[in-house]
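Chemist: Quick note, the sequences are listed as chains V and C, same order. Position 107 (the first sequence) corresponds to 87 in the numbering used here; numbering is contiguous. Position 50 (the second sequence) corresponds to 1328 in the numbering used here; numbering is contiguous.
Keep in mind that the hints were calculated from the coordinates and are not lab data. Using N, Cα and C, we set each Cβ at its ideal position, and we do this for glycine too. Take the hints with a grain of salt, since some may be wrong.
[Stated by the list, open to error] Here are the simulated lysine to any residue pairs, SDA-like style, with alpha carbons at most 20 Å apart:
1. LYS1336/C with PRO79/V
2. LYS1336/C with GLY34/V
3. LYS1288/C with GLY155/V
4. LYS1336/C with GLU50/V
5. LYS1288/C with PRO79/V
[As the list claims (entries may be wrong)] Pairwise CB distance ranges, derived in the manner of DEER restraints:
6. ASP182/V with LEU1303/C: 47 to 57 Å
7. ASP8/V with ALA1305/C: 38 to 48 Å
8. ALA(-18)/V with MET1279/C: 52 to 62 Å
9. GLY141/V with LEU1292/C: 24 to 34 Å
10. LYS1336/C with GLY141/V: 22 to 32 Å
11. GLU50/V with ASP1326/C: 21 to 31 Å
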Amino acid sequence: MATRIGVVRFPGSCDEQDALDACALVGDAEILWHGSRDLGGVDAVVVPGGFSYGDYLRPGAIARFSPVMEAVAEFAREGGPVLGICNGFQVLCEAGLLPGALLANNGLRFLCRQVDIIVERPNTPWTAACDAGERLSIPVKHMSGRWFADDDTVARLEAEGQVAFRYAPGQNPNGSVADIAGVSSPEGNVVGLMPHPEHAVDAITGSADGLKLFSSILKEREGVGTAS
Amino acid sequence: MKARVLIRPKQGILDPQGQTVERALPALGFDGIKNVHVGRLVELEVEDASQLESLCEKLLANTLIEDFEIQLDES
């Protein structure tokens, strides 16, 4: 049976179509409406990029209280795979499903460029198709991408292997602490990152490296299947 | 009751907005100004002011990166 991946649509989302298309390359993709508490039995959830609820107050601050996020939080607590991309990452941090917070880029400019990121944690459902240390070419496009956590938290995340992705040396575009581009929950089922893997799934856009995050879901599920 | 909530970046966190404003001041002839920080002001009317603390912690401020201060207008 095809893997079913739900992509959340908030008012102000703008990357959900690319996320749907990326998910459709590896399974069945469907929209999850922000006003619904029902995830419809999907196998995985993507919280996409955009400007949810206008990003008023702080990016992600309002979206985390939407009905769908209650369901996503419960899904995540039960071990369901959740991927937050850009604004979706900000939403997951605001919701406390991922550690840290995202601040305005240190240059105060909107950034849109291709960057290389390094896979630091391959044992998550979103990175299982990657090798540790693998370099992926993926675009960033954000205004508030400077990931921050206090020193103790960063040390704990590093020690416990929760850093999922790091910008390649010299390529940190926004001033993120320790070049961190993405983090994961302790169990690894929740992953968030600022770069946009859904915009890098076809070589015609310059790189198809982002597809690996989506195909990871299949590998993970195959693994689960053989184990049971 | 009217209330104001002042939200500012936590000390020690890079505040590029404040820095940019500070750097622009000498060109305008304002000297001797330092430690500029830019935050947010939320004005609201509330029936039960005891809710404000939790409102700030849950929504108005992200306490990982921001401090908040509640000012009540008792008049």
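Chemist: Does each hint fit the structure? Answer for all of them.
Modeler: Going through the hints against the structure:
For the given pair, LYS1336/C sits about 16 Å from PRO79/V by alpha-carbon distance, which is consistent with the 20 Å threshold. At roughly 19 Å between alpha-carbon atoms, LYS1336/C and GLY34/V fall within 20 Å of each other, so this suggested pair holds. Distance restraint check for LYS1288/C and GLY155/V: the Cα-Cα separation of roughly 17 Å lies within the 20 Å cut-off, and the hinted pair is therefore satisfied. The hinted pair formed by LYS1336/C and GLU50/V meets the criterion: a straight-line CA distance of about 15 Å does not exceed 20 Å.
The suggested pairing of LYS1288/C with PRO79/V holds, with an alpha-carbon distance near 17 Å, which does not exceed 20 Å. Against the hinted window of 47 to 57 Å, the Cβ-Cβ separation of ASP182/V and LEU1303/C comes to about 48 Å, which satisfies the hint. As the Cβ distance of ASP8/V to ALA1305/C is approximately 58 Å, the hint placing it in 38 to 48 Å is violated. At about 56 Å, the CB distance of ALA(-18)/V to MET1279/C agrees with the hint of 52 to 62 Å.
The hinted window of 24 to 34 Å between GLY141/V and LEU1292/C holds, with their beta carbons roughly 26 Å apart. In this structure the supplied range 22 to 32 Å holds for LYS1336/C paired with GLY141/V, their Cβ-Cβ distance being about 30 Å. Checked against the hint of 21 to 31 Å, the pair GLU50/V and ASP1326/C passes, with Cβ atoms roughly 25 Å apart.
The earlier numbered hint that this structure contradicts is number 7, and it is the only one.
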